[in-house]
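Trainee: Sequence:
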Amino acid sequence: MLNQDHCRPAKLIVCILGRGAAQSIVEQLFDENILLTETLVIRNQNALVAEEAWQEMDMLKVIVEPQFADHVFELIYNLSAIELEEGHYMYQHNVPWVTHFELPKLPKEGVPIKAIESGKVEVEGMTLEQLQTLRIRSKKG
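In this note's numbering, the protein residues as written are 10 to 150.
The set of hints was computed from the structure by calculation and includes no laboratory data. Hints should not be assumed to be uniformly reliable.
[As the list claims (entries may be wrong)] Label pairs and their computed distance ranges (CB to CB): (1) 117 to 50: 12 to 22 angstroms; (2) 90 to 138: 43 to 53 angstroms; (3) 141 to 99: 39 to 49 angstroms; (4) 64 to 136: 46 to 56 angstroms; (5) 137 to 21: 14 to 24 angstroms; (6) 139 to 51: 20 to 30 angstroms; (7) 39 to 119: 38 to 48 angstroms; (8) 103 to 68: 36 to 46 angstroms; (9) 36 to 100: 18 to 28 angstroms; (10) 119 to 64: 15 to 25 angstroms; (11) 32 to 108: 35 to 45 angstroms.
Ideal placement from N, C-alpha and C gives every residue a C-beta, glycine not left out.
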(Lines of atoms letter the chains of each structure in order from A and count residues from 1; the text may use other names and numbers.)
(Lines give C-alpha, C1' and ligand atoms only; values in the text may rest on other atoms or scores of the structure.)
Protein backbone atom coordinates (compact mmCIF):
# COMPACT_ATOMS: atom_id res chain seq x y z
CA MET A 1 0.00 0.00 0.00
CA LEU A 2 1.21 3.49 -0.89
CA ASN A 3 2.28 5.68 2.02
CA GLN A 4 0.63 8.94 1.01
CA ASP A 5 2.65 10.97 3.52
CA HIS A 6 5.39 11.16 0.90
CA CYS A 7 3.08 11.85 -2.03
CA ARG A 8 1.36 14.82 -3.56
CA PRO A 9 -1.20 15.38 -6.34
CA ALA A 10 0.01 16.32 -9.81
CA LYS A 11 -1.01 16.78 -13.43
CA LEU A 12 0.34 14.88 -16.43
CA ILE A 13 0.71 16.77 -19.71
CA VAL A 14 1.29 14.64 -22.81
CA CYS A 15 2.24 16.07 -26.19
CA ILE A 16 2.66 14.14 -29.46
CA LEU A 17 5.03 16.02 -31.77
CA GLY A 18 7.07 15.60 -34.91
CA ARG A 19 10.31 13.64 -34.53
CA GLY A 20 13.06 15.65 -32.86
CA ALA A 21 10.87 18.46 -31.50
CA ALA A 22 10.54 17.35 -27.86
CA GLN A 23 14.13 17.89 -26.69
CA SER A 24 14.22 21.62 -27.45
CA ILE A 25 10.93 22.07 -25.58
CA VAL A 26 12.29 20.21 -22.54
CA GLU A 27 15.33 22.50 -22.50
CA GLN A 28 13.08 25.58 -22.49
CA LEU A 29 10.98 24.22 -19.59
CA PHE A 30 13.94 24.06 -17.20
CA ASP A 31 12.75 26.78 -14.79
CA GLU A 32 9.01 26.09 -14.97
CA ASN A 33 8.30 24.09 -11.77
CA ILE A 34 8.49 20.75 -13.58
CA LEU A 35 8.58 17.63 -11.39
CA LEU A 36 9.47 15.19 -14.19
CA THR A 37 9.93 15.10 -17.95
CA GLU A 38 10.17 12.09 -20.20
CA THR A 39 10.57 11.89 -23.96
CA LEU A 40 9.89 8.79 -26.02
CA VAL A 41 10.00 7.98 -29.71
CA ILE A 42 6.75 6.40 -30.82
CA ARG A 43 5.20 5.27 -34.08
CA ASN A 44 2.07 7.04 -35.17
CA GLN A 45 -0.10 5.56 -37.87
CA ASN A 46 -1.78 7.71 -40.49
CA ALA A 47 -5.20 6.94 -41.92
CA LEU A 48 -3.65 4.38 -44.24
CA VAL A 49 -3.16 0.96 -42.70
CA ALA A 50 0.01 0.17 -44.64
CA GLU A 51 3.23 -0.09 -42.64
CA GLU A 52 4.94 2.53 -44.81
CA ALA A 53 2.35 5.06 -43.56
CA TRP A 54 3.80 4.84 -40.04
CA GLN A 55 5.94 7.72 -38.93
CA GLU A 56 8.18 8.20 -35.93
CA MET A 57 7.08 10.92 -33.56
CA ASP A 58 8.11 12.26 -30.16
CA MET A 59 5.97 11.82 -27.09
CA LEU A 60 6.72 14.37 -24.40
CA LYS A 61 5.39 13.67 -20.90
CA VAL A 62 5.58 16.35 -18.24
CA ILE A 63 4.44 16.06 -14.63
CA VAL A 64 3.76 19.32 -12.80
CA GLU A 65 2.12 20.46 -9.61
CA PRO A 66 -1.58 21.24 -10.24
CA GLN A 67 -1.25 25.00 -9.69
CA PHE A 68 1.32 25.24 -12.54
CA ALA A 69 -0.41 22.90 -15.00
CA ASP A 70 -2.33 25.45 -17.06
CA HIS A 71 0.71 27.72 -17.39
CA VAL A 72 2.99 24.84 -18.47
CA PHE A 73 0.33 23.46 -20.83
CA GLU A 74 0.02 26.85 -22.53
CA LEU A 75 3.79 27.23 -22.68
CA ILE A 76 4.23 23.81 -24.35
CA TYR A 77 1.36 24.60 -26.72
CA ASN A 78 3.05 27.83 -27.81
CA LEU A 79 6.57 26.36 -28.02
CA SER A 80 5.43 23.37 -30.07
CA ALA A 81 3.12 25.30 -32.44
CA ILE A 82 1.02 22.16 -32.25
CA GLU A 83 -1.94 23.67 -34.12
CA LEU A 84 0.17 23.93 -37.29
CA GLU A 85 0.82 20.21 -37.76
CA GLU A 86 -1.74 17.57 -38.64
CA GLY A 87 -1.66 14.57 -36.31
CA HIS A 88 0.03 16.43 -33.45
CA TYR A 89 -1.95 16.77 -30.24
CA MET A 90 -1.68 17.26 -26.50
CA TYR A 91 -3.77 16.69 -23.40
CA GLN A 92 -3.53 16.85 -19.63
CA HIS A 93 -5.15 14.95 -16.79
CA ASN A 94 -4.85 14.37 -13.07
CA VAL A 95 -2.31 11.98 -11.64
CA PRO A 96 -3.59 10.76 -8.26
CA TRP A 97 -0.23 10.78 -6.49
CA VAL A 98 3.43 11.29 -7.26
CA THR A 99 6.16 10.74 -4.73
CA HIS A 100 7.86 13.80 -3.37
CA PHE A 101 11.42 14.11 -4.66
CA GLU A 102 13.54 17.18 -4.25
CA LEU A 103 17.23 17.65 -4.86
CA PRO A 104 19.17 19.61 -2.27
CA LYS A 105 19.79 23.26 -3.12
CA LEU A 106 23.48 23.17 -4.01
CA PRO A 107 25.35 26.23 -5.25
CA LYS A 108 25.80 26.37 -9.04
CA GLU A 109 29.58 26.21 -8.67
CA GLY A 110 29.24 22.93 -6.76
CA VAL A 111 30.64 21.86 -3.40
CA PRO A 112 34.34 20.95 -3.18
CA ILE A 113 34.99 17.36 -2.08
CA LYS A 114 37.45 18.61 0.55
CA ALA A 115 34.72 20.72 2.15
CA ILE A 116 32.41 17.70 2.32
CA GLU A 117 35.14 15.48 3.77
CA SER A 118 36.09 18.02 6.42
CA GLY A 119 32.50 18.64 7.47
CA LYS A 120 32.94 22.40 6.95
CA VAL A 121 29.99 22.73 4.63
CA GLU A 122 26.31 23.34 5.25
CA VAL A 123 23.99 22.71 2.34
CA GLU A 124 20.40 23.92 2.45
CA GLY A 125 18.03 20.99 2.02
CA MET A 126 20.53 18.31 3.14
CA THR A 127 20.35 16.59 6.50
CA LEU A 128 23.41 15.74 8.55
CA GLU A 129 22.86 12.09 7.63
CA GLN A 130 22.94 12.91 3.90
CA LEU A 131 26.11 14.95 4.35
CA GLN A 132 27.70 12.07 6.27
CA THR A 133 26.80 9.70 3.41
CA LEU A 134 28.50 12.09 0.96
CA ARG A 135 31.58 12.20 3.17
CA ILE A 136 31.78 8.40 3.26
CA ARG A 137 31.33 8.13 -0.52
CA SER A 138 33.93 10.82 -1.23
CA LYS A 139 36.51 8.96 0.87
CA LYS A 140 35.86 5.69 -1.03
CA GLY A 141 36.35 7.36 -4.44
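Trainee: Hint by hint, say whether it matches the structure.
Mentor: Evaluation of the provided hints:
| no. | hint | in the structure |
| --- | --- | --- |
| 1 | 117 to 50: 12 to 22 angstroms | 32 angstroms, violated |
| 2 | 90 to 138: 43 to 53 angstroms | 47 angstroms, holds |
| 3 | 141 to 99: 39 to 49 angstroms | 44 angstroms, holds |
| 4 | 64 to 136: 46 to 56 angstroms | 49 angstroms, holds |
| 5 | 137 to 21: 14 to 24 angstroms | 36 angstroms, violated |
| 6 | 139 to 51: 20 to 30 angstroms | 38 angstroms, violated |
| 7 | 39 to 119: 38 to 48 angstroms | 18 angstroms, violated |
| 8 | 103 to 68: 36 to 46 angstroms | 19 angstroms, violated |
| 9 | 36 to 100: 18 to 28 angstroms | 22 angstroms, holds |
| 10 | 119 to 64: 15 to 25 angstroms | 42 angstroms, violated |
| 11 | 32 to 108: 35 to 45 angstroms | 25 angstroms, violated |
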